[in-house]
Amino acid sequence: MLEVYGTQLRSRLLLGTARYPSPTVLSAAVRAARAEILTVSLRREAGGERAGQGFWSLVRGLGVRVLPNTAGCHSVKEAVTTAHMAREVFGTPWVKLEVIGDADTLQPDVFGLLEAARILCAEGFEVFPYTTEDLVVAERLLDAGCRVLMPWGAPIGSGRGLNNLYGLTALRARFPGVPLIVDAGLGVPSHAAQALELGFDAVLVNTAVAQATDPVAMAGAFALAVEAGHAARLAGPIEARDFAVPSTPVVGQAFRG
Amino acid sequence: MRILVNGVWRETAAAELAATLEELGYAGRIVATAVNGEFVAAEARPRTALAEGDRLEVLAPMQGG
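Here the protein sequences line up with chains A and B, keeping their order. If you use our numbering, the first sequence closes out at 257, no skipped numbers anywhere. If you use our numbering, the second sequence closes out at 322, no skipped numbers anywhere.
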């Protein structure tokens, strides 16, 4: 079982809640994914609107944990204030900390991320930092008090999969005991399986499920892929080689000598 | 007084945050608040005075990735 901040999790698939065709499809996708953690956010709502209240009662009805994000924050101050607001509304010390540094790639601003992580960890938050695969940044985030890291696979919503296999493999090898959750950029279930095969503990998926033609079926497919990838990791994959190695025994082969 | 509520200028009569939220139609709603970029906890709203030109953020739960 995976343990993050003292919480035992059976599911290695975290699901985002945005961009589904309807609340009904979202609920069905959560069940099909067998997700135990859903990401949520905070947005402006006018006095007459009720959308947020309806969404929150739907999520509470699903009986899962929520991981509030600070999506859209471009500064340390915005991210820290949003984290405080989320802690009050959602009643959890967990926060998926995003400090965005580039408007086109939605790449994390790792300098702001580290500063915000230091502040929030010191205030008792349990921070899930959305970061790059950079080893030094990872080390600093752990020094700041983070007990889990969320490296990106590729830019948010891009569906490109694991862009930097070398970097992600190095990150896994460098921090064997730290829960690592690939967040962002996965497009198809094979990307999720690959992340688990590399030894990542879990993946967080949103757009790939929500924007699929059939989000519920895609959620189920990701659940299978994550399970397969984790089972394969435990089974010990073979090393890749540059040349062929015969699988059929060569001893006793006919017509030779 | 005029305050900026979620980026829109509004005319309000109440002097403090809790009453202002009621006036703006947020009574009984699950929202988080910030004034001039600083988080204001729910229990601190009744004693948080607002002044002309203050920037108020009222945020509600929403879908997120």
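Hints may contain errors.
Pairwise CB distance ranges (calculated) [as the list claims (entries may be wrong)]:
| hint | chain 1 | residue 1 | chain 2 | residue 2 | range |
| --- | --- | --- | --- | --- | --- |
| 1 | A | R241 | B | A298 | 28 to 38 Å |
| 2 | B | M258 | A | R31 | 26 to 36 Å |
| 3 | B | A301 | A | L135 | 57 to 67 Å |
| 4 | A | G124 | B | P303 | 18 to 28 Å |
Stretch-level coverage of chain A by chain B, calculated; a stretch enters the list once three of its residues show a Cβ under 8 Å from a Cβ in chain B [said to hold, decoys possible]:
| hint | stretch |
| --- | --- |
| 5 | 37-44 |
| 6 | 68-75 |
| 7 | 106-112 |
| 8 | 119-129 |
Which chain B residues stay away from chain A? Per the calculated CB distances, all over 12 Å, these [unchecked claim]:
| hint | residue |
| --- | --- |
| 9 | M258 |
| 10 | E314 |
| 11 | G322 |
Rather than coming from a laboratory, the hints here were simulated on the basis of the structure. Using N, Cα and C, we set each Cβ at its ideal position, and we do this for glycine too.
Do the hints match the structure? See the list:
no.: 1; hint: A/R241 / B/A298: 28 to 38 Å; result: 60 Å, violated
no.: 2; hint: B/M258 / A/R31: 26 to 36 Å; result: 49 Å, violated
no.: 3; hint: B/A301 / A/L135: 57 to 67 Å; result: 41 Å, violated
no.: 4; hint: A/G124 / B/P303: 18 to 28 Å; result: 25 Å, holds
no.: 5; hint: 37-44; result: holds (count 6)
no.: 6; hint: 68-75; result: holds (count 3)
no.: 7; hint: 106-112; result: violated (count 0)
no.: 8; hint: 119-129; result: violated (count 0)
no.: 9; hint: M258; result: 17 Å, holds
no.: 10; hint: E314; result: 7 Å, violated
no.: 11; hint: G322; result: 3 Å, violated
Of the numbered hints stated above, those contradicted by the structure are hints 1, 2, 3, 7, 8, 10 and 11, listed in ascending order.
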